[in-house]
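Novice: Let chain W serve as the given structure and place chain V on it in line with the hints.
Protein chains in written order, with UniProt numbering: chain W, 1 to 629; chain V, 1 to 629.
Be careful, since some hints might not be right.
As the list makes no split between identical chains, a pair holds if one copy fits it or if it spans any two.
When the alpha-carbon atoms are kept at most 20 Å apart in a straight line, the in silico DMTMM-like pairs for lysine to aspartate or glutamate are as follows [what the hints assert, rightly or not]:
1. 89 x 556
2. 89 x 548
3. 89 x 564
4. 326 x 353
5. 89 x 557
Keep in mind that the hints were calculated from the coordinates and are not lab data. As the structure is a computational prediction, the values presented were derived from the model and not from experiment.
Number of protein chains: 2
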Amino acid sequence: MLETPLPKSIATVCLSGSLPDKMEAAASAGFQGVEIFEQDLLTHDGPPEGIRAMAEDLGLAITIFQPFRDFEAMPEPQRRRNMDRAERKFDVMQALGTDLVLVCSNVQPAAMDDPARAAADLREMAERAAARGLRVGYEALAWGRHVNRWRQAWDIVRRADHRALGLILDSFHTLSLGDTLDGLAGEVPGDRIAFVQLADAPRLSMDVLSWSRHFRDFPGQGELPIAEFAREVLRAGYRGPLSLEVFNDEFRAAPARRIARDGHRSLIWLDSVLAGPSVPASPLPAPPVLGGVEFLEFAVDEAKGRELGGFLSNLGFRLAGQHRSKSVELWRQGGVNLVLNSEPDSAAAGHFELHGASVCATALRVDDATRALSRAEALLCSTWRERLGEGERPIPAVRAPDGTLIYLVEPGAEGRSIWESDFHLLPGAAEAPGALERVDHVAHALAQGQMEGFVLFHRAVFGLEPAPPMDLPDPQGLVQSRAMADPSGRVRMPLNVSESRQTATGRFVSAIAGAGVHHVAFSTPDAAAFVAGRAAPMLTIPGNYYEDLAARFGLDDRLLADLERGHLLYDRDARGGEFVHAYTVSFEDRFFFEVVERRAGYADYGAANAGVRMAAQARARPWLPAPRD
Amino acid sequence: MLETPLPKSIATVCLSGSLPDKMEAAASAGFQGVEIFEQDLLTHDGPPEGIRAMAEDLGLAITIFQPFRDFEAMPEPQRRRNMDRAERKFDVMQALGTDLVLVCSNVQPAAMDDPARAAADLREMAERAAARGLRVGYEALAWGRHVNRWRQAWDIVRRADHRALGLILDSFHTLSLGDTLDGLAGEVPGDRIAFVQLADAPRLSMDVLSWSRHFRDFPGQGELPIAEFAREVLRAGYRGPLSLEVFNDEFRAAPARRIARDGHRSLIWLDSVLAGPSVPASPLPAPPVLGGVEFLEFAVDEAKGRELGGFLSNLGFRLAGQHRSKSVELWRQGGVNLVLNSEPDSAAAGHFELHGASVCATALRVDDATRALSRAEALLCSTWRERLGEGERPIPAVRAPDGTLIYLVEPGAEGRSIWESDFHLLPGAAEAPGALERVDHVAHALAQGQMEGFVLFHRAVFGLEPAPPMDLPDPQGLVQSRAMADPSGRVRMPLNVSESRQTATGRFVSAIAGAGVHHVAFSTPDAAAFVAGRAAPMLTIPGNYYEDLAARFGLDDRLLADLERGHLLYDRDARGGEFVHAYTVSFEDRFFFEVVERRAGYADYGAANAGVRMAAQARARPWLPAPRD
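Looking at chain W on its own, in the form it has when it is part of the complex (with noise of 0.2 Å):
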């Protein structure tokens, strides 16, 4: 759609710290510009001229300054006051060193529902600014007191008729609304468009305000349709910077950089999103068509690995496979692999140190590693490669916003996988015999402010899509759900985050000291045998339950029997697909496994269920290993 992107800014509300501390931020993301918040401005200790100097030490634009408030439809004197504010901040821009400056619609009960008179302020203020060299733009706030549609702004902007003056888009203010850009290619020239700010947002049934104030996002990591904005914006023919304007309590109280970093990867997501993957000028390698989990991989010490080896055990799983240069295991069941790794000096070993027991990476199975690795770079992550011996296949890897690896694996991109190359497999261990099929889905919890990182990490990178957010109940609190998956639901990935640090999500993200793996979840095709045929400790789940599943569902006696014995959980959707699913307690009160059983299509994780078996592992002991002689 276009050859070159567009640029790419970010405004300083969105970022913590000093006016200094954002700039900095923002350059070392990656962006080419800022828009000064006043606020940002008025609180630092340091005149104008040496933010301008700043800027350009960083290599920064500033784009535009903003807000400017209340200024259009005033009845007199508050009029004559304005323009002297207009002038009084004109000097200010002049100092900054920025030509454009926002006016955002009236809010005030004074303002006149008058779009001439607005019409004939806004020239004068463009006349006034465009005497220094200066240029205004108008915007619809969404609560603005008469204007608050992009179609009325710019019937102002039209009528006012001025070149100094244009108009400013702001997705949140239009997408909150419900209202879309449609029509405006046909209506507004490209050159009358003096800026486009871009926010995301989940679907919040709030006042406009508050929801704007407090929980905007970046563009993917809400549910508003912003490619869809971004694109109208372009047919129009705009072709200036691309601005992130995202008020967040929790960006606010987050590390800059972190925030400008995911702020910049999802303006370099939404760019591709624009061109397409099938169109040339896509400025990204497409996202890898995945297949599934190939394997998880656990850091543990000897001692861990031991007991983790016999937790698994007692799940059917068998050692399958020692690694043929590392102190590195494979065990299997079916078409799961799971891989103990002990050995030391490693990156595994580095994060048994700091999180203890617990997952330390994830493999994909993906079409293309190569390409997978280019668009993740291109995506500003991390990437890693684990040193070899002789013969190994090397796996490229990704670093995930909880410090873990995504290892791409090209399953028969040789002859041999990566099991045989690597592996002393143990005979018969590639028929290990098992009623496990796959990884069905691996739940992460996160820690408070994760969320949307992780959100937008696994939408940009991997192609994931997030599901609308939901509350499961803990009797110590309540925890926050989005689960992503690809589009084949091969790869399912709930994310949970708790405020409460005495949930079973805050308890695991405290005893691991971050966010990370909580529980893995296999698939099989009958819960009630594999569990029958098992010694796995599994989660209690109390006769209550049963007798409400009895009243919900209507389930006959013996089914509910069969239930209640394998201490499984059932749940139905409205569609009749069904879902049976047990869990065993946690290892050492950190991570736990679940078995699930999928019927006629059920596509979702049973959250009806969260509270019984949140509950329930609140009072259930933790596995520890039976004592040795």
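Specialist: For chain V alone, coordinates are given in the frame of chain W:
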């Protein structure tokens, strides 16, 4: 209005933990009954009969079993299935030993808009209930598909016309829609009201379902007219329990005993509001008439006491007295008394050990300390008396939710002031000159989840009224603020809380490992003269702030220059009231002081300047004493 208050009950969903945890917390807080929330029973690993026995042991009635959802006006076959479901739940109720079930109005898309059918279904359910000696209550959910107002629910109950069916009222479902109970008393006989649930909430403009599920709070903690609601219920002749049903994310994550005690306190307070302070039957002594802050006491050790004395000297305070029996100093300026307590083995010493140098007590002037103390005790507060030396005056105290003491001082109750009785006053100290008039406000920094408890405590015990919440922008995140003040404005107490630990509020809470007094503001008739005449280390305000002040308020250049010279902040309210104020830097990155000048009835706190202040604090180095030779 009533001779004895109605029984007090709380829903298990208000509290964290397992069902036995919740019941134990409710009993220990003094509730007479609990509502059993069904999910809490489902997740409990034990038969309902055990819960019944436990409730009996704890002296708790099980007031109701709830909720039974999506029952009425469904097409077949769901209708028949719902009757079966009801029978199964009746079994559970009989095992629990409760006779009342809450049916909330149907939210299913399949539900029919047919009050006659709804009435017929509820009549059949009531008939089946009556056959077992049980009763059914019907409640309008605010987001019910067809029934969401109490009048609709009453119409259906009236049509059903069965003695085992009554109306259930919930303050949130009524008030959140802007509805009232006007007309209830004439239309609904008291004995047809089966149950009443109470919840308050902050005024949020969001969808009522999310508002209800996450942000309810206890009566007196929010902004809804709960007292009016309860008054109408009583006028109608209802004499059953008043039961709290509050879904709140923070309450669910907090210790159950604390939340249960807050809940009970809210109902005791509500009783007194319903009775009215002048009605003899009022179950609570009237709140104290407040006369301002008599003194603030800082816990220090000898070294910190010297340093803080030096800091106060620079602000113009003078050492005015020495305690007769303890290592306690009085520092005074005009009408402001500050006490520095370094007495070993005292309550202050214990506070110092836990929290370091910080305010450990606030003394309020009250009209009747004995009455105030009785009120606090009736409101489940703990009280305290310091050991006394010979001839010293006893000052009773109430313990605040942050563990500090609130002394109750009767000025002029006897001839001698507490200063004359307990202190050796230095010559001339009584007339210490100074430009400070009084303590204007005492701002607290709270940890997350503490706001509601503090609001209720100060409202119930001291009659302070909370202002609506507002957000203040710190460079490291948002700070939520709620100001409390007594009707005369003599005692003002802004409460601040922040999610981020990096804001000024968050840093303070980390530094003292708890909630506490973050800053103390003193009033002066001339803030500019005050700062000009003092050697105190004031917070430096950047020039850009004054540029913007000029643009916003059109202040004349001389005033502007005066403000800038003194690092004074300025605000003006809509009625022309003006506010001039300045801050000291922090004492050791802990608390700080403010001087304020209120002109023409300005009643706020200069919130517009909070961002500039907090950015300046993030830059400022805290005050440290000059090195000694």
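Novice: It remains to establish, for every hint, whether it holds in the given structure.
Specialist: Verification of the hints:
no. : hint      : verdict
1   : 89 x 556  : between (74 Å within a copy, 17 Å between copies)
2   : 89 x 548  : between (66 Å within a copy, 8 Å between copies)
3   : 89 x 564  : between (71 Å within a copy, 19 Å between copies)
4   : 326 x 353 : within (18 Å within a copy, 52 Å between copies)
5   : 89 x 557  : between (76 Å within a copy, 17 Å between copies)
When held up to the earlier numbered hints, the structure conflicts with none and fits them all.
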